[in-house]
Every structure is written in C-alpha cells, then in structure tokens.
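Participant: Read in order, the letters of the sequence shown correspond to residues -7 to 369 in the numbering used here.
Careful: at least some of the hints might be erroneous.
Stated by the list, open to error - Below, computed lysine to any residue pairings styled on SDA-like, alpha-carbon distance capped at 25 angstroms:
1. K157 with P281
2. K87 with A75
3. K87 with G218
4. K87 with R130
5. K294 with E359
What the hints assert, rightly or not - Pairwise CB distance ranges, derived in the manner of DEER restraints:
6. H201 with G39: 25 to 31 angstroms
7. D258 with A133: 47 to 53 angstroms
8. A21 with Y(-5): 33 to 39 angstroms
9. E323 with K157: 57 to 63 angstroms
10. R137 with G239: 24 to 30 angstroms
11. D258 with Q193: 21 to 27 angstroms
12. G202 with M82: 18 to 24 angstroms
13. Q27 with G202: 17 to 23 angstroms
14. A362 with Q193: 46 to 52 angstroms
15. Q136 with L192: 18 to 24 angstroms
16. R83 with K235: 40 to 46 angstroms
17. G39 with M(-7): 44 to 50 angstroms
18. L15 with Q363: 48 to 54 angstroms
Derived by calculation from the structure, the hints in this document are not laboratory data.
Even for Gly, the Cβ is constructed at its ideal location relative to N, Cα and C.
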Amino acid sequence: MTYLPFAKPTVDEDTIAGVVEVLRSGWIATGPKVQEFERALSEYLGGRIVRTFTSATAALEIALQACGIGPGDEVIVPAMTFAASANVVMRVGAKPVFVDVELDTRNIDPQALEAAITPRTRAVMPVHFAGLAVDMTRVYAIAQRHGLRVIEDAAHAIGTRFAGKRIGSFGDIVSFSFHPNKNMTTIEGGALSLPSDVELQTVELQRFHGLKREPDGNADVLLPGGKSNLSDVSARIGIAQLKQLDGFIERRHALVARYFDQWQTDPPCLLPARGDSDHSWHMFAPLLPLAQVDLSRAQFIKAMHERGIGVGVHYPALHLFTAYRQLGYREGDFPNAERIGRETVTLPLFPTLELPDVDRVCAAAREVLAQAGPRHR
-7 MTYLPFAKPT VDEDTIAGVV EVLRSGWIAT GPKVQEFERA LSEYLGGRIV
43 RTFTSATAAL EIALQACGIG PGDEVIVPAM TFAASANVVM RVGAKPVFVD
93 VELDTRNIDP QALEAAITPR TRAVMPVHFA GLAVDMTRVY AIAQRHGLRV
143 IEDAAHAIGT RFAGKRIGSF GDIVSFSFHP NKNMTTIEGG ALSLPSDVEL
193 QTVELQRFHG LKREPDGNAD VLLPGGKSNL SDVSARIGIA QLKQLDGFIE
243 RRHALVARYF DQWQTDPPCL LPARGDSDHS WHMFAPLLPL AQVDLSRAQF
293 IKAMHERGIG VGVHYPALHL FTAYRQLGYR EGDFPNAERI GRETVTLPLF
343 PTLELPDVDR VCAAAREVLA QAGPRHR
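Make the full structure from the sequences, and use the hints.
Facilitator: Here it is, written out as structure tokens:
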C-alpha cells in the first residue's frame, strides 16, 4: 500500500536537469538565475518589485525592518498562523498583538483587528490561511483609517487572487514562501513583493550584510545586515516551478472538489470555507468532531498513519505557546483560534495525488471516526 504524505513537492526531470546545469556552471550562489527568477516573479505579479530570500521568515523580518518597526511598536497578528508570523515581530523588538480568526475561513477577523489597534500599533499582518484570501478591501480600509502599514503573510497564497487580482500584485508589502510543502518550491526560499522602491534599499541591505558596492570596486557597510540571499540553484527550481504553478493550482482545485464530494463522516467534521476559483488551496484542513467522539487527535493521526495516510497539524493556537504566554496571553483569549488549534488536521493534497487517493483518505477518516464511537458525557 502506497503511503500518502500530507504534502509532497512536484519536481520534474527537466527541473532536475536544469539544476545540474547550474551546478556545472560554477555559479551556484546568487547570480543570473536569481535575477531571472525575480524578473519572472515580477511579471507574474503584474510588474511589482520582487526580491527573493532564503525563507519567507527572513523576508517577513526584513519587511518589518523596511517599515521601520522596532522596540515600542505593536503589530497585529492572527492567533491562528505559523509561529514565524509572530516570531519575526519579536525579533525586531516589537510586540505581536494577537486577535481571533473566523472559524470557517481561519483568516483574521477584521472587526477584531480594528478593535485591537492602539496608539502603538504600526502595522497589521493578515495571513491568507491555506491559500484563501483575507478580505483585503476591509483590511486596507482599516489600515488607511489608522495610518498603518500592511505586511501580508502570503506564505500559503502564491497564485491566490482577491477581487480578480493576484495576491502580491497590489497593496503594501507581501511575503511569499517557497518551502517544499507550499504550492511551489525553491527547496527553501521566500520573496517580498514591494509597492515601490522606497523600501528597496533597506530590503537589499538587510538581505546581504548591509553592503553597498561602488562602481570603482570599493564597498561600504551602511547597516548591520544579515545574510538571506537566495542561491542560483534554488532560483533555477523556482523558475521551473513558477511556469507550472497555475497548473498545480488547477490540479489542487480538482482534488479539493473531490474531497468535498466524498467527505462524509458521522458525526460531521467542520470543513474549511470552500471559497471560489481564486483560492489556491495550499491545504485541506477539516476540524475533527472531537467533542462528540471517543477519540483524541493524536489517536486519529495514528490510526490514519496505520492506514498509510499522513496527517499534519496546521497549527496549534499561536498565543498558547510558551513564548507568547509570557506576554500575558491565556487559554480562552481567542476561542476560534483555540478550537481550530485543538481540532484541525491537514490531509494529503499535492499535484501528483490521484482522485482515488482522495477517496481512500475520505474512506479511512470515515472508518476511524465511526470506530471511535460517541463520547460518553
């Protein structure tokens, strides 16, 4: 029986051959392939300025630095996201202020967002969870009213559209991830889409040692930057992946449609918001009916693994991690994020998955939940 992981990169033989060519070229660090990849991303995003990085985490941290965010500032972050979204805020010396999310979309609640704004708020960081776009009309209206920057965490959302426009082709600063479990990969990697060249110098300096090279061969260090420049090896993978991205997303749509058609459990799971054709479907993550069955999530994951099916957890509620409890957050602060964090499971979804594989996943989940029986109160 073939084991089905919950995520798997799709890398074809032409891409592998292209990587070999780069390795043989002798230029494997940042070079012509990175420039080509950035140009291709810019074209994909309607001509915006794009710079690449070793990770989306590095890109987010540099975005905060480019906005001048630091000690004493606050950044509003959804309580349901990966830890990186808040970690980078702490790393620049600012404070993440968590707000709850909508239960069906898993995206930041705009009403809660506006209620959390204080005189110290400098930015908001909406996360397009699982590839479903946040209501950016509302978010940008709130940001404009309060004079805030918007740093979109689009780690899940390369290829997603909002109001017909690709995420990253409009708005303020937008960060993407190219980790192997995302809709396209560069092995590890990320990118920023910038609204203008105002932030560009800071972004480039922070990306590579704060170094500014002069035409005469001299150089100066203008600030204590880090090092998060992408390699040509990774960029060559990204060039090929970007060309296939729309096809990957189309395949994800077909697989997700099959999930919705075949998913029937008793008691029922809470399925993610279906969205529309603009959803890039990075993940398919229902909520298990754990309050109604005699089963823990760990037991469900184990039972699915025994049936040859990988299951992930994306994510625990962020404010309940030790690092953020130390800021005063407690259980009960954000009920929707906490319920999602308790009940969520991520099921197999990747372009080479077959429709019968989806049927197998659905049948296995139905069997595991049925065998558990009702929870006795």
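Participant: Any of the earlier hints contradicted here, and which numbers?
Facilitator: Violated hints: 1, 7, 9, 10, 11, 14, 16; rest satisfied.
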